[in-house]
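Q: First to last, the sequence lines map onto chains E and V.
No gaps in the numbering here: position 97 of the first sequence is 97 in our numbering, and each next residue is one more.
No gaps in the numbering here: position 68 of the second sequence is 68 in our numbering, and each next residue is one more.
Simulated from the structure, these hints should not be mistaken for laboratory data.
Where a beta carbon is used, it is the ideal one built from N, C-alpha and C, also for glycine.
One should not assume that every hint holds.
Here are the simulated DSS-like pairs of lysine-lysine, each with C-alpha atoms no more than 30 Å apart in a straight line [stated by the list, open to error]:
no., chain 1, residue 1, chain 2, residue 2
1, E, Lys-36, E, Lys-19
2, E, Lys-19, V, Lys-69
3, V, Lys-69, E, Lys-40
4, E, Lys-19, V, Lys-58
5, V, Lys-58, E, Lys-41
6, E, Lys-40, V, Lys-58
7, E, Lys-18, V, Lys-101
8, E, Lys-22, V, Lys-58
9, V, Lys-101, E, Lys-41
10, V, Lys-58, V, Lys-69
11, E, Lys-18, E, Lys-36
12, V, Lys-69, V, Lys-101
Restraint ranges, calculated between C-beta atoms of paired labels, are given here [unchecked claim]:
no., chain 1, residue 1, chain 2, residue 2, range
13, V, Asn-41, E, Glu-44, 17 to 25 Å
14, V, Gln-10, E, Tyr-102, 28 to 36 Å
15, V, Asn-61, E, Thr-80, 36 to 44 Å
16, V, Ser-26, E, Glu-44, 38 to 46 Å
17, E, Leu-27, V, Ala-17, 49 to 57 Å
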Amino acid sequence: ETGVTQTPRHLVMGMTNKKSLKCEQHLGHNAMYWYKQSAKKPLELMFVYSLEERVENNSVPSRFSPECPNSSHLFLHLHTLQPEDSALYLCASSQVAGGTDYGYTFGSGTRLTVV
Amino acid sequence: AQSVTQLDSQVPVFEEAPVELRCNYSSSVSVYLFWYVQYPNQGLQLLLKYLSGSTLVKGINGFEAEFNKSQTSFHLRKPSVHISDTAEYFCAVSDTGTASKLTFGTGTRLQVTL
Numbered sequence: 001e002t003g004v005t006q007t008p009r010h011l012v013m014g015m016t017n018k019k020s021l022k023c024e025q026h027l028g029h030n031a032m033y034w035y036k037q038s039a040k041k042p043l044e045l046m047f048v049y050s051l052e053e054r055v056e057n058n059s060v061p062s063r064f065s066p067e068c069p070n071s072s073h074l075f076l077h078l079h080t081l082q083p084e085d086s087a088l089y090l091c092a093s094s095q096v097a098g099g100t101d102y103g104y105t106f107g108s109g110t111r112l113t114v115v
Numbered sequence: 001a002q003s004v005t006q007l008d009s010q011v012p013v014f015e016e017a018p019v020e021l022r023c024n025y026s027s028s029v030s031v032y033l034f035w036y037v038q039y040p041n042q043g044l045q046l047l048l049k050y051l052s053g054s055t056l057v058k059g060i061n062g063f064e065a066e067f068n069k070s071q072t073s074f075h076l077r078k079p080s081v082h083i084s085d086t087a088e089y090f091c092a093v094s095d096t097g098t099a100s101k102l103t104f105g106t107g108t109r110l111q112v113t114l
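Chain E extracted, bound-state conformation (with noise of 0.2 Å):
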């Protein structure tokens, strides 16, 4: 299997809820991100694990938890998430080398609905 992958592609979850998504990566490089894409809106860049150092965007309220055990998986583990929470949620990954990034790989998503 090739690019990147994420699990699951459609998420319903109520508010009181714990889930979390999963994204692994199958091109050998060495950052990956985590994306929220809403309706008319810019993508908003929620979280980064770039050379294994993870940088953070201070907005992401904490119910918000990425975890990378390793250069080819991320997760994002959700916990009592509220209705304005439903987006999609993206996954991507690049090569970073000598301060040049070689552009994104993106999953496919997954589509998360709260109720």
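For this one, chain E is given, so just place chain V on it according to the hints.
A: Positioned in the frame of chain E, the structure of chain V alone reads:
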């Protein structure tokens, strides 16, 4: 910090007609520029990128873009569109000094009709 402006939220065009999707950016330092396409219910796919060198960049599916530093623009063009080009197109910029953080525009919906 950098920003990206895509002035057109929607661009309707007839099949086989040419199209230009506009992108302007703002940055105080040198940048890398990208165009991505998103088909319904899918993630984003890289169309083309400008890192350095020739200002005219050719991408997949017959698209090309031209980097204009003086006008801080990176407009996307295709001489003849097809129905299958109907999708959302995103322009993105990253600061060459701080790779790994793309800033995206709000997207342009290209609607191709017969």
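Q: Can the suggested window of 38 to 46 Å be confirmed for the beta-carbon pair V/Ser-26 and E/Glu-44?
A: violated (18 Å)
Q: Please verify whether E/Lys-40 and V/Lys-58 have alpha carbons no more than 30 Å apart.
A: holds (28 Å)
Q: For the pair supplied as a hint, E/Lys-19 and V/Lys-69, confirm whether the alpha-carbon distance does not exceed 30 Å.
A: Between E/Lys-19 and V/Lys-69 the Cα gap is close to 45 Å, so the pair fails against 30 Å, i.e. violated.
Q: So does V/Asn-41 sit 17 to 25 Å from E/Glu-44, Cβ to Cβ?
A: Between V/Asn-41 and E/Glu-44, where Cβ atoms are some 19 Å apart, the hint holds.
Q: Just to be sure I understand the hint, the distance between the Cβ atoms of V/Asn-61 and E/Thr-80 should be within 36 to 44 Å; is that true here?
A: Given range 36 to 44 Å: holds, Cβ gap about 42 Å.
Q: Regarding the pair V/Lys-58 and V/Lys-69, is the alpha-carbon distance no greater than 30 Å?
A: It holds: about 17 Å lies between the C-alpha atoms, which stays within 30 Å.
Q: Need the status of pair E/Lys-19, V/Lys-58: alpha-carbon distance at most 30 Å?
A: violated (41 Å)
Q: Does the alpha-carbon distance linking E/Lys-18 and E/Lys-36 stay inside the 30 Å limit?
A: holds (18 Å)
Q: Go ahead and decide if the range 28 to 36 Å is satisfied by the Cβ distance of V/Gln-10 to E/Tyr-102.
A: At 30 Å between Cβs, range holds.
Q: Is the hinted pair V/Lys-101 and E/Lys-41 satisfied, with a Cα-Cα distance of at most 30 Å?
A: Holds: V/Lys-101 and E/Lys-41 sit about 17 Å apart, inside 30 Å.
Q: Straight-line Cα separation of V/Lys-69 and V/Lys-101 no greater than 30 Å?
A: Answer holds: V/Lys-69 to V/Lys-101 is near 20 Å, not above 30 Å.
Q: Holds or violated: E/Lys-36 and E/Lys-19, Cα atoms, limit 30 Å.
A: holds (16 Å)
Hints 2, 4, 8, 16 and 17 from the list above are not met by this structure, while the remaining hints are.
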